[in-house]
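Colleague: What follows is the residue order along each chain.
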Amino acid sequence: MNFDFNILVKALVELLSALPITLSVGLLAMLIGLGFGIFIGIVRYFKLPGIDLILRGYVSFFRGTPLMIQLFLFFFGLPQLFPSLGNIGAFEASVLIMSINSAAYIAETTRAAILSVDKLQQDAGLSVGLTLWQTMLYVQLPQALRVAIPSFGNTFIGIIQGTALTFMLGLNDLMGLGKMKAAVNYKFFEIYLAVGLIYWAITLIIGQTNKYLESYYSKGRMA
Amino acid sequence: MKSNKLPLIIILIAVALGSIMFFSTKDKSSTASEPAEVIKVGMSGSYKPYTYLDEKGELTGFDVDVWKEIGKRTGHEIEFVTSDFSGLFGMLDSAKLDTIANQITVTPEREQKYLFTRPYVYYGAQLISKDDRNDIVDLESLKGKKVAVGLGTNYETIIRDFDKNSEIEIITYDSGSGSYQDVAIGRVDAAMNDRLALQSVINESGLPLKLAGPPINEMQNAFPFLNNEENKELVAQIDSAIDSMYEDGTIKEISMKYFDMDITEKVLN
Numbered sequence: 001m002n003f004d005f006n007i008l009v010k011a012l013v014e015l016l017s018a019l020p021i022t023l024s025v026g027l028l029a030m031l032i033g034l035g036f037g038i039f040i041g042i043v044r045y046f047k048l049p050g051i052d053l054i055l056r057g058y059v060s061f062f063r064g065t066p067l068m069i070q071l072f073l074f075f076f077g078l079p080q081l082f083p084s085l086g087n088i089g090a091f092e093a094s095v096l097i098m099s100i101n102s103a104a105y106i107a108e109t110t111r112a113a114i115l116s117v118d119k120l121q122q123d124a125g126l127s128v129g130l131t132l133w134q135t136m137l138y139v140q141l142p143q144a145l146r147v148a149i150p151s152f153g154n155t156f157i158g159i160i161q162g163t164a165l166t167f168m169l170g171l172n173d174l175m176g177l178g179k180m181k182a183a184v185n186y187k188f189f190e191i192y193l194a195v196g197l198i199y200w201a202i203t204l205i206i207g208q209t210n211k212y213l214e215s216y217y218s219k220g221r222m223a
Numbered sequence: 001m002k003s004n005k006l007p008l009i010i011i012l013i014a015v016a017l018g019s020i021m022f023f024s025t026k027d028k029s030s031t032a033s034e035p036a037e038v039i040k041v042g043m044s045g046s047y048k049p050y051t052y053l054d055e056k057g058e059l060t061g062f063d064v065d066v067w068k069e070i071g072k073r074t075g076h077e078i079e080f081v082t083s084d085f086s087g088l089f090g091m092l093d094s095a096k097l098d099t100i101a102n103q104i105t106v107t108p109e110r111e112q113k114y115l116f117t118r119p120y121v122y123y124g125a126q127l128i129s130k131d132d133r134n135d136i137v138d139l140e141s142l143k144g145k146k147v148a149v150g151l152g153t154n155y156e157t158i159i160r161d162f163d164k165n166s167e168i169e170i171i172t173y174d175s176g177s178g179s180y181q182d183v184a185i186g187r188v189d190a191a192m193n194d195r196l197a198l199q200s201v202i203n204e205s206g207l208p209l210k211l212a213g214p215p216i217n218e219m220q221n222a223f224p225f226l227n228n229e230e231n232k233e234l235v236a237q238i239d240s241a242i243d244s245m246y247e248d249g250t251i252k253e254i255s256m257k258y259f260d261m262d263i264t265e266k267v268l269n
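Residue numbers (this note's numbering), protein chains in the order written: chain W, 1 to 223; chain U, 1 to 269.
FYI, nobody ran anything at the bench for these hints, they're computed from the structure.
Mixed in with the good hints, there may be bad ones.
Cut-off 16 Å, straight-line C-alpha distance, at most; resulting in silico cross-link-like pairs (EDC-like, lysine to aspartate or glutamate) [unchecked claim]:
| no. | chain 1 | residue 1 | chain 2 | residue 2 |
| --- | --- | --- | --- | --- |
| 1 | W | 10 | U | 54 |
| 2 | U | 48 | U | 58 |
| 3 | U | 210 | U | 135 |
| 4 | U | 68 | U | 79 |
| 5 | U | 56 | W | 14 |
| 6 | U | 266 | U | 218 |
| 7 | U | 232 | U | 37 |
| 8 | W | 10 | U | 55 |
| 9 | W | 187 | U | 54 |
| 10 | W | 187 | U | 55 |
| 11 | U | 252 | U | 265 |
Same shape as in the complex, but just chain W (with noise of 0.2 Å):
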């Protein structure tokens, strides 16, 4: 058999490296993304006339192409029509891209978690002399956003994957330096190999978070 298995657990032990970049783009379009998103969701949860045609076009863009021609048309189309745009660095730009991309499912997953809300807990918002807003924070949102953690839990899943994109724009991320080390040694299969665990690890990391986020809000509230 051709397989290395010393190439395999240094490349592990190499590759890390590259982690904290992947990791921080990954973590900054979260966190940025939930924030827009869940906002996002709300707005469109009221469905304002003519915002709500907006936000639509918005979400329906972005989850309807694939992240790597968002990423292209970003950082390569839009600094040629407005060279102001060109000074953006490969590292801000993936971080701004993946959070208005994940911002879009997030919202479209806060909306969906809103709706799934008796709509009497709004009612009963309202009757005790709650405004709009305060009832959709303080009753209708924390209801909801327990319904749309696991939800959340994919959706930076998928983030964390979809920075093995960023190398295309320069970024030597996990992906990127794989390939690098990949076209030395020609070991492709133990290098890929190393690459996938350690975003499978990362993967088990969030799921593992997810689990315990979900039974944290589940507190008090029979299953």
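Put chain U on the given structure of chain W with help from the hints.
Modeller: Then chain U, alone, in the frame of chain W:
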């Protein structure tokens, strides 16, 4: 109520982070825009031995050495940027790179768009046959025979352009290695690829193959720059640096270091 506020806090933090990110990128765009003395050279970092990582993880290779030498001779600082090949031309077009050093072949289409330096690598399309045959010498001798080429490659175009009356049976392959095997077995009569690649196939594969006839044509690799006034001057500087590397034999030395042969000299005279 405590747990109810957590989502709100997360939103606030995230929005804050988002705005910081947004403004910090805006800040950068206003300061770091002037074309400095730094030349940003993009490469895939995964094309051995032209550009690759050594055991210590340092970027090295033929193209890297050539550019380090150009940097020394022109006084410019060279910054290497590694990116997936698919992104390199996009980065060049959006001025995130000054040039690409990844064995870019000069073509008429590319010349319309980019300003090329003088060539630093020459190579040519080459036919290969089984080592005991002497009937394959040029395109003419392929008539009535089978020739293997990579699907969609330059080489396929070369043969199809020559073969106006469809007298050559062209067999397209997805990858090179399968076609060389078939030439050795006799399933096809010849294969075409670039001379350098074929030479290393013959050296490394152990298959009973040989270069058949002289190179069919000559292609040149050079460094593309965006076509503007500023770059014209820069390209002239780089050209004279490369010229001087030819004169004192430095570029040949670099070639010998990585290839054991001189890939910087013309193939056809």
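Colleague: All the hints need checking, so say for each whether the structure fits it.
Modeller: Evaluation of the provided hints:
Among the hinted pairs, residue 10 of chain W with residue 54 of chain U is consistent with the structure: their alpha-carbon atoms are about 14 Å apart, no more than 16 Å. For the proposed pair residue 48 of chain U and residue 58 of chain U, the alpha carbon gap of about 13 Å is at most 16 Å, so the pair holds. Taking the CA atoms of residue 210 of chain U and residue 135 of chain U, the gap is near 12 Å; set against the 16 Å cutoff, the hint holds. Proposed proximity of residue 68 of chain U and residue 79 of chain U is supported: the alpha carbons are some 9 Å apart, at most 16 Å.
At most 16 Å may separate the alpha-carbon atoms for a hinted pair to count; residue 56 of chain U and residue 14 of chain W meet this at roughly 10 Å. Only pairs whose Cα atoms come within 16 Å are accepted, and residue 266 of chain U paired with residue 218 of chain U is accepted, the gap being roughly 8 Å. Straight-line distance between C-alpha atoms of residue 232 of chain U and residue 37 of chain U comes to about 15 Å, which keeps the hinted pair within the 16 Å bound. For the proposed pair residue 10 of chain W and residue 55 of chain U, the alpha carbon gap of about 11 Å is at most 16 Å, so the pair holds.
With a C-alpha separation of about 14 Å, the suggested pair residue 187 of chain W and residue 54 of chain U falls inside the 16 Å cut-off, and the hint holds. A C-alpha spacing of about 14 Å is found between residue 187 of chain W and residue 55 of chain U, which places the hinted pair at or below 16 Å, so the restraint holds. For a cut-off of 16 Å, the pair hint linking residue 252 of chain U to residue 265 of chain U stands: about 8 Å separates their Cα positions.
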